[in-house]
Amino acid sequence: MKLKVLKAVVFVAALTPLALLGYYAYTGNLGANPIEVITHWTGDSIIIFLLITLTVTPVRKLTGWNDAIKFRRMLGLVAFFYACLHFTTYIWLDQFFDLPGMIKDVAKRPFITVGFASFLLLIPLALTSTAAMVQRLGKRWQKLHRLIYITAAGGVIHYWWLVKKDIRWPLTYGIVLALLLAFRAAISFRARQPSRRVFVPAAEKQ
Amino acid sequence: MLIKKPNDIKASEITDKALFLSRRRFLAGAAVAGATIAGLTNMDFFERSAAHAGEKLSGVQKSRFSTTETLTPLKDVTTYNNFYEFGTDKYSPAQYAKTLMPRPWTVAVEGEIKKPKRYDIDELMKLAPLEERVYRLRCVEGWSMVIPWIGFPLNALIKQVEPTSKAKYVEFTTLLDPKQMPEQKSRMVLDWPYIEGLRIDEANNPLAILCVGLYGEVLPNQNGAPIRMIVPWKYGFKSVKSIVKIRFVEQQPTTTWMKAGPTEYGFYSNVNPEVDHPRWSQARERRIGEFIKRKTLMFNGYGDQVASMYQGMDLRKYF
Numbered sequence: 001m002k003l004k005v006l007k008a009v010v011f012v013a014a015l016t017p018l019a020l021l022g023y024y025a026y027t028g029n030l031g032a033n034p035i036e037v038i039t040h041w042t043g044d045s046i047i048i049f050l051l052i053t054l055t056v057t058p059v060r061k062l063t064g065w066n067d068a069i070k071f072r073r074m075l076g077l078v079a080f081f082y083a084c085l086h087f088t089t090y091i092w093l094d095q096f097f098d099l100p101g102m103i104k105d106v107a108k109r110p111f112i113t114v115g116f117a118s119f120l121l122l123i124p125l126a127l128t129s130t131a132a133m134v135q136r137l138g139k140r141w142q143k144l145h146r147l148i149y150i151t152a153a154g155g156v157i158h159y160w161w162l163v164k165k166d167i168r169w170p171l172t173y174g175i176v177l178a179l180l181l182a183f184r185a186a187i188s189f190r191a192r193q194p195s196r197r198v199f200v201p202a203a204e205k206q
Numbered sequence: 207m208l209i210k211k212p213n214d215i216k217a218s219e220i221t222d223k224a225l226f227l228s229r230r231r232f233l234a235g236a237a238v239a240g241a242t243i244a245g246l247t248n249m250d251f252f253e254r255s256a257a258h259a260g261e262k263l264s265g266v267q268k269s270r271f272s273t274t275e276t277l278t279p280l281k282d283v284t285t286y287n288n289f290y291e292f293g294t295d296k297y298s299p300a301q302y303a304k305t306l307m308p309r310p311w312t313v314a315v316e317g318e319i320k321k322p323k324r325y326d327i328d329e330l331m332k333l334a335p336l337e338e339r340v341y342r343l344r345c346v347e348g349w350s351m352v353i354p355w356i357g358f359p360l361n362a363l364i365k366q367v368e369p370t371s372k373a374k375y376v377e378f379t380t381l382l383d384p385k386q387m388p389e390q391k392s393r394m395v396l397d398w399p400y401i402e403g404l405r406i407d408e409a410n411n412p413l414a415i416l417c418v419g420l421y422g423e424v425l426p427n428q429n430g431a432p433i434r435m436i437v438p439w440k441y442g443f444k445s446v447k448s449i450v451k452i453r454f455v456e457q458q459p460t461t462t463w464m465k466a467g468p469t470e471y472g473f474y475s476n477v478n479p480e481v482d483h484p485r486w487s488q489a490r491e492r493r494i495g496e497f498i499k500r501k502t503l504m505f506n507g508y509g510d511q512v513a514s515m516y517q518g519m520d521l522r523k524y525f
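Residue numbers (the working numbering), protein chains in the order written: chain B, 1 to 206; chain D, 207 to 525.
Only chain B is shown next, with the shape it has when bound in the complex:
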C-alpha cells in the first residue's frame, strides 16, 4: 500500500516538467522563441528521465532496496512520453509537417540522424514494457531492453552535436551516463570472475 502511494508521488513528480512548461506557456512566459524553449525543455526531460531510469538498478544494488525495480517501467515510459512530445514539437511546431525538409534533415544532419534513431529505438522498448510482454520474451526481454544504453548515449550525442560551442550540459549528462554504465560494467565484470572467490587451500599451491 505504501508503495502505491510512493508510485503516485513519483508519477506526479515525473509530470512536473510538463506542468511547468504548460504553466509558462499559459502565462506567456516562454520568451521570444517559444518553440525553441519547448524543444529544449522536452529534450532535456528525455535525457533526465532516461538517466533516472538507468539509476534504478545501481540504487537497488547499492542499497538492497529491491522495490526500486517497481519504478523502472514508469520512469522509462515517462522518458518515452517526453520523447514523443519532443518529436511532435519537431515535426509540428519546428518543421510544420514539411516532410521533404525533415527527410533531408534526418539524412543530412548527423545530430538529427542520431536523435531520430534514438527515438526509434525507444519504441520497441515502450511496446514491450507490459507485464505480459516481459513474461513472453523471458530472457530476450532483458537483452532487448539493453537498447536503452544506446538510446541514452544517442541522446547525449544528439545534444552534444547540436550545441554551438557550450558543451557543458551535454558533457554533464555524458559523465552521469558514463558513471551509470561503468557501474554495470563493473558488476558484470565481477560476476564473470568466479575464480577469484574460490578458496584455494594453501597446501595445494605449489
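The hints are simulated quantities; they were obtained by calculation from the structure and are not laboratory data. Here a beta-carbon is modelled for each residue, glycine too, at the ideal position from N, C-alpha and C. Incorrect hints may appear among the rest.
Taking lysine-lysine pairs in the PhoX-like style, the calculated list, with each CA pair at most 25 Å apart, reads [said to hold, decoys possible]: (1) D:Lys501 - B:Lys164; (2) D:Lys323 - D:Lys391; (3) B:Lys108 - D:Lys451; (4) D:Lys451 - D:Lys365; (5) D:Lys365 - B:Lys164; (6) B:Lys165 - B:Lys104; (7) D:Lys365 - B:Lys165; (8) D:Lys499 - B:Lys108.
Covered stretches of chain B (in silico footprint by chain D; criterion: 3 or more residues with CB under 8 Å from a CB of chain D, positions within the stretch not fixed) [claimed, not checked]: (9) 105–116; (10) 128–140; (11) 154–168.
Keeping the supplied structure of chain B fixed, place chain D upon it in accordance with the hints.
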C-alpha cells in the same frame, strides 16, 4: 598669556567649490539611490544606474536603408540575446549584463592609420549625425529579428582617421574585464576578448554602422552597450558588441568564432541560404514572433548594396 593663533587652514585643504558641489550632488544622488534600493528591488536599481540605457536619443534621422517590415517587439530584442560574456543562454544577458559599466568608456582607434586616437564614447557619438536603421538581423542559429538600430556609418570614423594603404582589414575588440563580464572568467566556451573583423571595403560599406542605440533609446547593456557594430548582411555574431578597440591591419584577423570552430565559422560569414552550417541548414529562418519559418535571403536581403563586393569569389570557400 600666550594665545596661540589657530593654524591657518591650508589652501590645499579647502575643498574646491566645483568638487564641493559635485560631492553634494553625489550625496544627493546617494540618497536617491538609497531610496531607490529601499523602494525597489535591486534589479530595478541596477537597471536605472548601470547606463543611460532607456534614455532617449535626440536628433535621430531616418535612413533610406531602413526596411518597412514589422519590428520585433522591444521586449524580445532586449531579452533574447547572444552575448556569451554574460552566459551562453539567450536569456542570461538581460539578467546579468547589469554589471557592465558603459561610462566612462573609450574606444582606441589604432593601427595602419594616420590619425590614431582614443575616443571618448560621448565624443564618438557626436562624430556623425545619428540615424535610425531598421535592419533585419539573422542569427547563424536560424532565427531573425527586425530591429530599429541607431548609429552612424562606420565609414564616417574611417574617413576621419585616414587609413594608410596598408589598412586592408579592420579588427574589432570587445571589452575584456571579467569583473564586468563574469563569463570571461572561464575560457571553456570562447577565448576572450571577443575579436571580429571586416575587410576594409566591407567596413566602408554604407550599411555597416557603429550602433549606439535601439528603439529611439540608448543601447541597453545586453545589446552591446555602449557601442557595437551592425553588419546586417552577415550573421549576427559578426556584429561585435561593447567595442573598446578598432584596429586597422594588413592581415586578415582571426576572429573568435574562427578560432572556436574553423570548419564552421569563416571570416566572411555572409548570410547565405545556399551554404549550410556543417551541422544545420541555413535555408530558412524563424522570424521571432512568427510561427512558420521563412526563406532566408541571400546576404539577408541586402544583395543590392553588398553583392558587388564579393564578385568572382567562391562563397562556399569563403564562407
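List, from low to high, the hint numbers that the structure doesn't satisfy. 2, 3, 5, 7, 10
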